[in-house]
Amino acid sequence: METKQMKMNIENYMNEVKYALREPILERDVGEPPIDALKSFFLLLPLLNGEKWTEQLNTTAVAVGAVHAAFDAHDMIDLTKVDNKQQQLTVLSGDHYSGIHYRLLASIPDFDFIRTLSQTIGQINEVKTIFHEGAPDSPEKLIKAIRKIEGGCITEFLNVFDFSRYTSLVNTALPLLWLHSTTELNKTGQVDGFRANLKDVDAQQAIRILSTELQEAVEEASFLMPFLQSAIRQLTIPLLENPI
Amino acid sequence: MSIYADFRKDLEYIEKELERSVDSSSPIIRQAALHLLRAGGKRIRPIFVILASKFGHYALEDVAKVAVSLELVHMASLVHDDVIDDSDMRRGFETVKAKWDNRIAMYTGDFIFSRALSSIGEIEIPAVHQLLAETMLEICKGEIIQIEHQRKTDQTVRDYLRRIKRKTALLLSSSCELGALGATANPSIVRKLRRFGYFAGMSFQIVDDILDIISTDEELGKPAGSDLLNGHLTLPILFIKDDAEFRPFMEHSFAGTLSESTRDEMLLYIRNSGAIQKAQAVSDLYLRKALGEIKTLPDGDAKRALTQIVAFISKRNY
Numbered sequence: 001m002e003t004k005q006m007k008m009n010i011e012n013y014m015n016e017v018k019y020a021l022r023e024p025i026l027e028r029d030v031g032e033p034p035i036d037a038l039k040s041f042f043l044l045l046p047l048l049n050g051e052k053w054t055e056q057l058n059t060t061a062v063a064v065g066a067v068h069a070a071f072d073a074h075d076m077i078d079l080t081k082v083d084n085k086q087q088q089l090t091v092l093s094g095d096h097y098s099g100i101h102y103r104l105l106a107s108i109p110d111f112d113f114i115r116t117l118s119q120t121i122g123q124i125n126e127v128k129t130i131f132h133e134g135a136p137d138s139p140e141k142l143i144k145a146i147r148k149i150e151g152g153c154i155t156e157f158l159n160v161f162d163f164s165r166y167t168s169l170v171n172t173a174l175p176l177l178w179l180h181s182t183t184e185l186n187k188t189g190q191v192d193g194f195r196a197n198l199k200d201v202d203a204q205q206a207i208r209i210l211s212t213e214l215q216e217a218v219e220e221a222s223f224l225m226p227f228l229q230s231a232i233r234q235l236t237i238p239l240l241e242n243p244i
Numbered sequence: 001m002s003i004y005a006d007f008r009k010d011l012e013y014i015e016k017e018l019e020r021s022v023d024s025s026s027p028i029i030r031q032a033a034l035h036l037l038r039a040g041g042k043r044i045r046p047i048f049v050i051l052a053s054k055f056g057h058y059a060l061e062d063v064a065k066v067a068v069s070l071e072l073v074h075m076a077s078l079v080h081d082d083v084i085d086d087s088d089m090r091r092g093f094e095t096v097k098a099k100w101d102n103r104i105a106m107y108t109g110d111f112i113f114s115r116a117l118s119s120i121g122e123i124e125i126p127a128v129h130q131l132l133a134e135t136m137l138e139i140c141k142g143e144i145i146q147i148e149h150q151r152k153t154d155q156t157v158r159d160y161l162r163r164i165k166r167k168t169a170l171l172l173s174s175s176c177e178l179g180a181l182g183a184t185a186n187p188s189i190v191r192k193l194r195r196f197g198y199f200a201g202m203s204f205q206i207v208d209d210i211l212d213i214i215s216t217d218e219e220l221g222k223p224a225g226s227d228l229l230n231g232h233l234t235l236p237i238l239f240i241k242d243d244a245e246f247r248p249f250m251e252h253s254f255a256g257t258l259s260e261s262t263r264d265e266m267l268l269y270i271r272n273s274g275a276i277q278k279a280q281a282v283s284d285l286y287l288r289k290a291l292g293e294i295k296t297l298p299d300g301d302a303k304r305a306l307t308q309i310v311a312f313i314s315k316r317n318y
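So the protein sequences, as listed, match chains A and B.
Start counting the first sequence at 1; every next residue gets the next number (this note's numbering).
Start counting the second sequence at 1; every next residue gets the next number (this note's numbering).
Watch out, some of these pointers could steer you wrong.
Keeping only pairs whose Cα atoms sit at most 20 angstroms apart, straight-line, the calculated EDC-like set for lysine to aspartate or glutamate is [claimed, not checked]:
# : chain 1 : residue 1 : chain 2 : residue 2
1 : A       : K144      : A       : D200
2 : A       : K81       : B       : D101
3 : B       : K141      : A       : E32
4 : A       : K81       : B       : D86
Hints listed in this document are in silico derivations from the structure and should not be mistaken for laboratory results.
Given only the sequences and the hints, what does the whole structure look like? Please build it.
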């Protein structure tokens, strides 16, 4: 029952983001906006765990989803050649999603979060650019970079709205999942840009560090309902050396 | 430019704030953003913000936050536009995407955009944010429509005017409106300034499109006729697109098969066709409307400067 409700909540949220980002020409030529189910799950952890979830929180969460969609759209741009309408519109889809995030925050209006989130968006782009030039030179720096890229916006959201106790889960699970999927994709040469710079040795070591941290984070998350602990385990067990 | 003289100090302050706002821990972003800033630009948006603010309670620090934000939104869109148009040169400098790659251009644009929001985030007036958000979305919509219209020869002057309204006029109109709103000017003055910005912006873009044809490569810092080479039909072109003699030029431009010498012939044809004068007449019409709005504003230095700006737009050659 709880799992069913959890899936419904995530699905509803993803549909809300999709609806907010709708634009007929983009939908026709680029397709639906990229909305990450895993990030949605971690963003909604407080809601799924029964915390008070207001209309304002929901609007802000949709805004964060819009930012993630913008990032994903811009990461799809070919490195050297934007030579067709679909790629040109993908550039603009990211700009459109980004504009929607701002419109949502302005509609509340939440000035603090506009400032906080814009700082984080700037930092994420800085980290991506540095990473694009060359991978961080140690597993620790790699973790720090991926943590910012993958979980930066969600962490800010959780901190600002007094859900800080969830951040250690986000900051360990999301980089771990990213490292795993990117390492797999790298083996088949399916990645480019900063993802292609990932060094396998550092990635493996970072996975080990994060695995331990995630086990600790889940053990310490006694506030988390058992079905959520179980959901996180299910998501991450294949990635852990010593299953939690 | 002499019209800057009255508010040069304020503009210098804003310029410093612009540089400060794009400071970055990423050397590439810092270099790319400063490179863009130092490539110049007319800073027409900050000027409009300054002048509009003077009709309310002028506080330079707040004015700068709005002005910086609008200029950064403009800059970010240019960086992404260069990716869309696959442009290697802008204002005589290599574009970010040419110097590095498309992905760096995406990140740089997104970074600059984030700094725009950080800057305006300090202004806690809901209407300011709602207006800027709508403006940004409309600009983006304008770009989407521009791609939709790319290489389409059945578009009308009305389509063009709608497109440039979103592409340029809206940001200039919003620059005036946001400047006035930020300075809590009287609502009727805010409306007049918004309309002024819109009319001036329409004229500004038409002149820009004319300059793309009548200027040299050196003056433009990119190949003359770039709009048509990128498949964008601007106002002068719309006036002659159905001429039998012109159609082959247009087809070669779209197909990317226009030689250098044929490009020169094409530009000469447009310049001698009367299309430039017709486009200029439309631009002048908008300028007269802009002047009409200025006349209803309270007298003072700002009103005088706005009138000078209208004269500048009508005569500018860069």
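Okay, the hints, checked on the actual structure:
1. K144/A / D200/A: This hinted pair holds, its Cα atoms lying about 16 angstroms apart.
2. K81/A / D101/B: With a Cα-Cα distance of about 9 angstroms, the restraint between K81/A and D101/B holds, given a limit of 20 angstroms.
3. K141/B / E32/A: holds, 17 angstroms
4. K81/A / D86/B: Holds. K81/A to D86/B sits at ~7 angstroms (cutoff 20 angstroms).
The structure shown violates none of the earlier numbered hints.
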